[in-house]
Amino acid sequence: MNAHQSLAIGQPIERFEAISPAADEPEAMVRFAGISKTYPAYRGKPGVSALQNIDFAIPRGSITGVIGRSGAGKSSLVRLINGLEKPTTGRVIVDGRDISALAGRELRLAQRSIGMIFQHFNLLSSRTAADNIALPLEIAGWTTADIKARVTELLALVGIADKHDRYPSELSGGQKQRVGIARALATRPSVLLSDEATSALDPQTTRAILDLLANINRELGVTIVLITHEMSVVRQLARDVVVLDAGHVVESGHVADIFTHPKHPITQSFLAEVIGDSLPVSLASRIVAAPSAGGQAVIRLQVHGAGAGDTLVARLARELGLDVSLLSARIDEIGGQQVGSLVLGIPLGIPDEDAVTRTLAFLSQHQFPAEHLGYVA
Amino acid sequence: MSPELINLIVQATFESLYMVGIAALLGTAVGLPLGVFLATSRKGELFAAPIVNRVLGIVVNATRSTPFIILVVAIIPFTRLVAGTSIGSTAAIVPLTIASAPFIARLVEAAIREVDGGLIETASSFGASPLQIVFKVLIPEALPGLLLALTLAVVSLLGYSAMVGAVGGGGLGDLGIRYGYQRFMPEMMLAVVVVLIALVQLVQSAGDYLARRVNRRLRHR
Chain A
27 MNAHQSLAIG QPIERFEAIS PAADEPEAMV RFAGISKTYP AYRGKPGVSA LQNIDFAIPR
87 GSITGVIGRS GAGKSSLVRL INGLEKPTTG RVIVDGRDIS ALAGRELRLA QRSIGMIFQH
147 FNLLSSRTAA DNIALPLEIA GWTTADIKAR VTELLALVGI ADKHDRYPSE LSGGQKQRVG
207 IARALATRPS VLLSDEATSA LDPQTTRAIL DLLANINREL GVTIVLITHE MSVVRQLARD
267 VVVLDAGHVV ESGHVADIFT HPKHPITQSF LAEVIGDSLP VSLASRIVAA PSAGGQAVIR
327 LQVHGAGAGD TLVARLAREL GLDVSLLSAR IDEIGGQQVG SLVLGIPLGI PDEDAVTRTL
387 AFLSQHQFPA EHLGYVA
Chain B
137 MSPELINLIV QATFESLYMV GIAALLGTAV GLPLGVFLAT SRKGELFAAP IVNRVLGIVV
197 NATRSTPFII LVVAIIPFTR LVAGTSIGST AAIVPLTIAS APFIARLVEA AIREVDGGLI
257 ETASSFGASP LQIVFKVLIP EALPGLLLAL TLAVVSLLGY SAMVGAVGGG GLGDLGIRYG
317 YQRFMPEMML AVVVVLIALV QLVQSAGDYL ARRVNRRLRH R
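Protein chains in written order, with our numbering: chain A, 27 to 403; chain B, 137 to 357.
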C-alpha cells in the first residue's frame with residue numbers, strides 16, 4: 027500500500043490546518059501537508075531551502091491568492107500543485123489525490139485536471155490561437171472533430187472568437203493571456219493555477235483579465251489559485267489569501283480578515299501598497315516636534331471594518347467639541363471591508379496638550395490604532 | 137568551351153548533387169535526433185542522461201575536429217565495408233555523412249536550445265510526455281532555425297564534396313583539380329567555381345525562403 031492510498035478523502039491528516047471553516051475536508055481542493063522543498067547544492071552553489079513547514083488547504087471553488095515578495099517560494103509552491111516539482115517532505119493532495127506520489131503516465135493524466143496560466147503567456151509562436159488551445163487536447167488524445175468544437179467554444183468563452191486564425195505575434199498581451207486561459211481550461215480542469223498571469227499587463231488589461239477569471243470561477247466552479255506579488259490582484263479577485271515570506275506561510279485566511287488586522291510585517295507592507303503608509307510630501311515636510319500657537323496637532327489613525335471611518339470625524343468633532351480637520355485620507359475596500367488611514371489636524375487654540383490626549387483617548391476607546399506625529403503651524 | 141567539356145561539367149554537377157543530397161539526407165537522419173538528444177539530456181532536462189550527453193558530446197567534437205580530408209582517408213576500411221568499395225561517388229557518401237551528422241547535430245542542438253524553456257514547462261504542466269514535447273513543441277518551434285541549420289549543412293557539404301576527388305569520388309571539386317589545375321585549363325576551373333557559387337546561392341536562397349515562410353514570430357503582413 028503506498029502513501030497516497032492511505033490518504034483517502036475523509037480521513038484526518040496530521041498537521042493539517044484549515045485556513046477557514048470552508049476548507050474542512052473534503053471541501054479542500056488542494057491541501058499541503060507538512061511540505062518542505064529544498065533544492066540540493068549544485069555545481070558549487072549551496073542548496074536552497076525554498077519552502078518549510080507548509081500546511082494549509084485551498085477550499086474547493088474558491089479564488090485563493092498566494093502573495094509574497096520575489097524569492098518567497100511562490101513559484102515552488104505552485105509547481106508542487108501540478109506536480110512539476112516534488113516536495114522534499116510532505117504531501118500535496120489535489121482533488122483527493124496525492125499528486126506528489128504520482129509519476130510518469132499517472133502524473134500526466136492527473137495534470138490534465140490542473141490548468142496553468144503564465145506571466146509571459148507561453149504560447150507556441152508556430153501555432154494560431156486556435157491551434158494553441160488545441161494543444162492540450164491533442165496531447166490528451168481527443169479526436170479532431172471534438173477538438174474543433176471545444177476550441178470554438180473556448181474562444182467564445184474568453185471573448186476572442188474572431189482571433190481563431192491569428193498567430194500570437196498578431197495578438198495584444200491581453201488577447202494572448204485570453205488564449206492562455208482558454209488553453210488552460212481546454213481539458214476541463216478542476217483547478218486553474220495562475221502564475222503572475224497579469225504581471226506583464228497594463229492596469230486596464232489586468233482588470234479585464236481578472237474579471238474574466240472571476241467569471242470563470244463563478245460559472246464553471248473552477249478553483250483558482252493566484253500566485254502574485256501584487257496586492258491589487260489579491261484585493262480585486264481573491265476571497266482567501268496565503269501570505270508567504272522566506273518559505274513560510276506567515277498568515278492565511280479570508281482576505282477581509284487578514285488585511286483588516288494584518289499581524290506580520292510583510293502583510294502590513296502589502297497592505298501599505300493599497301492604503302499607503304507615507305504622508306503627502308507637502309504635509310510631512312511641515313510637521314515639527316513642538317506645538318505653536320494657532321497651529322494643529324497631527325494624528326494619524328488606522329481604520330478597518332465595514333463602515334468604520336464613515337462618521338468618525340463628525341463624531342470626534344461633536345463629542346470632543348473640536349474643529350477637527352482632515353489633512354489626508356486614504357480608504358480602500360478589501361474583501362468588502364474598509365481599510366485605510368486618516369491624518370487629522372486637531373486645532374490648538376493655545377498650546378494645549380489636553381486636546382491631543384483627549385483625541386487619542388477617544389480613538390483608543392473606539393479601537394482605532396492612532397499615533398501622534400507632531401505639529402503643524 | 138567544347139561540348140565534351142560542358143558535358144563533363146554537367147556530369148560532375150550531378151555527381152556533386154548526388155553525393156551532397158544523399159549525405160545531407162543521411163546526415164540529417166542521424167544528426168536531427170542526435171541534436172535533439174544533445175539539447176535535452178543535460179541534468180534536469182527532458183531526457184536527462186548527463187553521462188551519455190557528455191560522451192556523445194566528446195564523440196561529436198572529436199569527429200568535428202578531424203580535418204575532413206584525413207577523415208576520408210582514415211575511414212577507408214569502414215567505407216569499403218559499408219559501400220563495398222572505397223572509390224567513386226557512392227563510396228564518398230560515407231565520409232560525407234559521417235562528417236555532416238555531428239555538424240548537423242550541433243546546429244540542431246543550438247536551434248532547439250533557442251526554444252523558450254517556458255514552453256517545455258507549459259507542455260509538461262498539461263501532461264505532455266517527453267516525446268510529445270519534442271514533436272509538438274520543440275521541433276515546430278525551432279523549425280525556422282532547423283531549416284537554416286540544414287541550409288548551412290548543405291552548403292558546407294558542397295565544400296566538403298570538392299575534397300572527395302582525392303579518393304576518386306568525382307564531382308565538381310575533382311573536375312576542377314584534374315582539369316583546371318593539373319591540366320592547366322583555367323577556363324575549366326572558372327566554370328567549376330561559377331557552378332559551385334550558383335549552387336550555394338540557390339541552396340541558401342531556398343533555405344532562407346523556407347525559414348521565412350515558417351517563421352511566425354514576426355508580424356507577417
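The set of hints was computed from the structure by calculation and includes no laboratory data.
Among the hints, erroneous ones may be present.
Subject to a maximum C-alpha distance of 30 Å in a straight line, what follows is the list of computed DSSO-like cross-link-like pairs (lysine-lysine) [claimed, not checked]:
# : chain 1 : residue 1 : chain 2 : residue 2
1 : A       : 71        : B       : 179
2 : B       : 179       : B       : 272
3 : A       : 112       : A       : 174
4 : B       : 179       : A       : 174
5 : A       : 289       : B       : 179
6 : B       : 272       : A       : 112
Computed footprint of chain B on chain A; a stretch qualifies when at least three of its residues, placed anywhere within it, have a C-beta under 8 Å from a C-beta of chain B [unchecked claim]:
# : segment
7 : 161–174
8 : 234–240
9 : 322–330
Glycine included, C-beta positions come from ideal geometry on N, C-alpha and C.
Evaluated hints:
no., hint, verdict
1, 71/A <-> 179/B, "holds, 15 Å"
2, 179/B <-> 272/B, "holds, 22 Å"
3, 112/A <-> 174/A, "violated, 35 Å"
4, 179/B <-> 174/A, "violated, 38 Å"
5, 289/A <-> 179/B, "violated, 42 Å"
6, 272/B <-> 112/A, "holds, 25 Å"
7, 161–174, "holds (count 5)"
8, 234–240, "violated (count 0)"
9, 322–330, "violated (count 0)"
In summary, the numbered hints that this structure violates are 3, 4, 5, 8 and 9.
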